[in-house]
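Please construct the entire structure, taking both the sequences and the accompanying hints into account.
Top line first, the protein sequences correspond to chains A and B. Read left to right, the first sequence gives residues 1 to 421 (our numbering). Read left to right, the second sequence gives residues 1 to 226 (our numbering).
No lab work stands behind these hints, which were simulated from the structure alone. Keep in mind that the hints are not guaranteed to be accurate.
Unchecked claim - Calculated cross-link-like contacts (lysine to aspartate or glutamate; reagent style EDC-like; alpha-carbon spacing at most 16 Å):
id, chain 1, residue 1, chain 2, residue 2
1, B, LYS17, A, ASP173
2, B, LYS138, A, ASP78
3, B, LYS168, B, ASP208
4, B, LYS138, B, GLU221
5, B, LYS111, B, ASP44
6, B, LYS111, B, ASP46
Because the structure is a prediction, the values reported are computed rather than measured.
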Amino acid sequence: MDILVSNSTLLIGMAVVFGLFMAWGIGANDVANAMGTSVGSGALTFKQAVIIAGVFELAGAVLAGGGVTATIRKGIVDVSSLGETPELLVYGMLASLLAAGIWLLVATRMGWPVSTTHSIVGAIVGFGAVGIGMEAVQWGKVGTIALSWVTSPLMAGAIAFALFRSLQKLIIDTEDPLAMAKKYVPYYIFLVGFTMAMVTLLKGLSHVGVKLPFGENVMYAVMTGVVVALIGTVMIKRLKFTPKADKKFHYANMEKIFGVLMIFTAIAMAFAHGSNDVANAIGPVAAVVSIVGSAGEVAAKSATPIWILLLGGVGIVIGVATYGHKVIATVGSGISELTPSRGFAATLAAAATVVVASGTGLPISTTHTLVGAVIGVGLARGIGALNIGVIQTIFLSWIITLPAGAILSILFFFFFKGAFS
Amino acid sequence: MVRRSPISNMFAGSPVKPLQEHIGKVHECVKKLEPFFVAVVGKDYDQVAILEREIHRLEVEADNLKHELRLQLPNSLFMPMPRERILDIVTHQDQLANKVKDVSGVVHARKIQIPEEITELFLQFVRVNISASRQAKKVVNELDELVEVGFRGREVTSVEVMIDELDKIEYEADKLGQQINNALFVIEKSMDPVEVMFLYRVIQGVGDVADIAQRVGARLELLLAR
Numbered sequence: 001m002d003i004l005v006s007n008s009t010l011l012i013g014m015a016v017v018f019g020l021f022m023a024w025g026i027g028a029n030d031v032a033n034a035m036g037t038s039v040g041s042g043a044l045t046f047k048q049a050v051i052i053a054g055v056f057e058l059a060g061a062v063l064a065g066g067g068v069t070a071t072i073r074k075g076i077v078d079v080s081s082l083g084e085t086p087e088l089l090v091y092g093m094l095a096s097l098l099a100a101g102i103w104l105l106v107a108t109r110m111g112w113p114v115s116t117t118h119s120i121v122g123a124i125v126g127f128g129a130v131g132i133g134m135e136a137v138q139w140g141k142v143g144t145i146a147l148s149w150v151t152s153p154l155m156a157g158a159i160a161f162a163l164f165r166s167l168q169k170l171i172i173d174t175e176d177p178l179a180m181a182k183k184y185v186p187y188y189i190f191l192v193g194f195t196m197a198m199v200t201l202l203k204g205l206s207h208v209g210v211k212l213p214f215g216e217n218v219m220y221a222v223m224t225g226v227v228v229a230l231i232g233t234v235m236i237k238r239l240k241f242t243p244k245a246d247k248k249f250h251y252a253n254m255e256k257i258f259g260v261l262m263i264f265t266a267i268a269m270a271f272a273h274g275s276n277d278v279a280n281a282i283g284p285v286a287a288v289v290s291i292v293g294s295a296g297e298v299a300a301k302s303a304t305p306i307w308i309l310l311l312g313g314v315g316i317v318i319g320v321a322t323y324g325h326k327v328i329a330t331v332g333s334g335i336s337e338l339t340p341s342r343g344f345a346a347t348l349a350a351a352a353t354v355v356v357a358s359g360t361g362l363p364i365s366t367t368h369t370l371v372g373a374v375i376g377v378g379l380a381r382g383i384g385a386l387n388i389g390v391i392q393t394i395f396l397s398w399i400i401t402l403p404a405g406a407i408l409s410i411l412f413f414f415f416f417k418g419a420f421s
Numbered sequence: 001m002v003r004r005s006p007i008s009n010m011f012a013g014s015p016v017k018p019l020q021e022h023i024g025k026v027h028e029c030v031k032k033l034e035p036f037f038v039a040v041v042g043k044d045y046d047q048v049a050i051l052e053r054e055i056h057r058l059e060v061e062a063d064n065l066k067h068e069l070r071l072q073l074p075n076s077l078f079m080p081m082p083r084e085r086i087l088d089i090v091t092h093q094d095q096l097a098n099k100v101k102d103v104s105g106v107v108h109a110r111k112i113q114i115p116e117e118i119t120e121l122f123l124q125f126v127r128v129n130i131s132a133s134r135q136a137k138k139v140v141n142e143l144d145e146l147v148e149v150g151f152r153g154r155e156v157t158s159v160e161v162m163i164d165e166l167d168k169i170e171y172e173a174d175k176l177g178q179q180i181n182n183a184l185f186v187i188e189k190s191m192d193p194v195e196v197m198f199l200y201r202v203i204q205g206v207g208d209v210a211d212i213a214q215r216v217g218a219r220l221e222l223l224l225a226r
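Now the structure itself:
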């Protein structure tokens, strides 16, 4: 216990630096996958995507990032089992951050497919099971998380399929797709705003200490939906249509309207991504800060301080600004075959799934969820060709990343344990 | 240090654009038949030689596009249209250009002449065959729209109408071919037998253009039927 008091500045300092590094990595690499579909479908210029990512990743992290952060912080390793040795959790969390960060660095260098979420979860389970003891790991919760890695792509796929079929029915397969798009797209924009606001109000904000009665939640969500739908309607009104463009590709003008819709889905995606992935970086930081701050008192109740969420959000934004913008451009240019209507269906499905997971406190992979959503649109015969070889890389990232994160974090755990005692 | 993105890896390159580029090139080649035979009728042999070379060049270019398309269609692709069918379509498209190259090659090499009695009918026959190829190209150009609508609904109906139109053009070409054969039969006794034999062969070759175009359409129709 004295160790924690005498080294408090050093320990918190290390946690903040490691956490910032992870957040930077997420901003530099992972954001690109979330924004890629929007840039690729031509709905956003790459500059707009960077700005949207910057603003809404931060907003998602702060407003809705509390749930997953709480899971990473105290849901995987049972803090009450530590008793007299709370410093073990501090070492473990530091070790996990370092392990996940280094593993991501190495894997990226080598071009291996990895997931940030899987690295950090693997690392925490690793040090918990070996460093503290098998009984310290809440296996039930870990099982739920593992299950959510399977269900989230499936759920996103199902939603994307349904969304795309509804587009076909209401807009694409009609006498005048352009008119129908003008008519229905504002409703879809409402849906985007409403879903995002609803999940955030209901689940996200409670983790940062705001709790409203259900009726008020619904009211605010509807208001958000209406406001964004109105903004969208104005944007659609200001679009210029060129009948000539339809000669070459009959749906060129209709897709322009979906381009407006896609801006809102991109915002939702950035928000969702921020809300889920920020925890990978700052969940462990929050754990360290709460233990060291209370001088060893393992407080299981307290909410995550806003400044830590903010730290993660800012880290992600710095990642996007310094490095991520290049990756967004690269990924976006690889997806040029996606038209905004498909991009919308896939991205909204993924964003909704991720935001629900964030609200429930489940750390999932945004990228895998998006892959599931794109395949969902493909199943509706909406995409010219998909290389489903990527499914293999998803399995690989499960098989390789989890043990790698675990082994590294066990090594670092014993290193810290030895160094501090 | 860019991590490989599974998202962009997914979009493997749809065969639709390459298929359309290929038929575009093929039709460019088929179109040359008209100036080619106008030059033949006008006995402008310099022009015939130039056009024959031009046709040959276009056929080679179409061939290259065909190879590229085949190479970029790996097994792990998930597509709204079966891979085998796409490969089948490109093979047939390619036969259009091959046929045109063969016909123009023979005409040029043997300095074949079109008898005055059938000149007008023959040029008309050439034009109808070219329009069959044009119609096939039009149908293939609807493929991206079909992907856009997910192969269902109105767009499918409108493509079916276009394929019907292609069938009609082919039928018309058939009839014209028959008329030319009849007209040639009347005058063949007065001509050199070997030349007549090759003339029949040229008529047959030109008529094959519409046949193959129709086959391309039929294969596209199979994509719709699901």
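Hint by hint, here is what the structure shows:
1. LYS17/B with ASP173/A: Violated: LYS17/B and ASP173/A sit about 22 Å apart, past 16 Å.
2. LYS138/B with ASP78/A: Violated, because 66 Å separates the two Cα atoms, which is more than 16 Å.
3. LYS168/B with ASP208/B: holds (15 Å)
4. LYS138/B with GLU221/B: holds (13 Å)
5. LYS111/B with ASP44/B: holds (11 Å)
6. LYS111/B with ASP46/B: With Cα atoms ~11 Å apart, LYS111/B and ASP46/B stay inside 16 Å; holds.
In the structure shown, a violation is registered for the earlier hints numbered 1 and 2, in ascending order.
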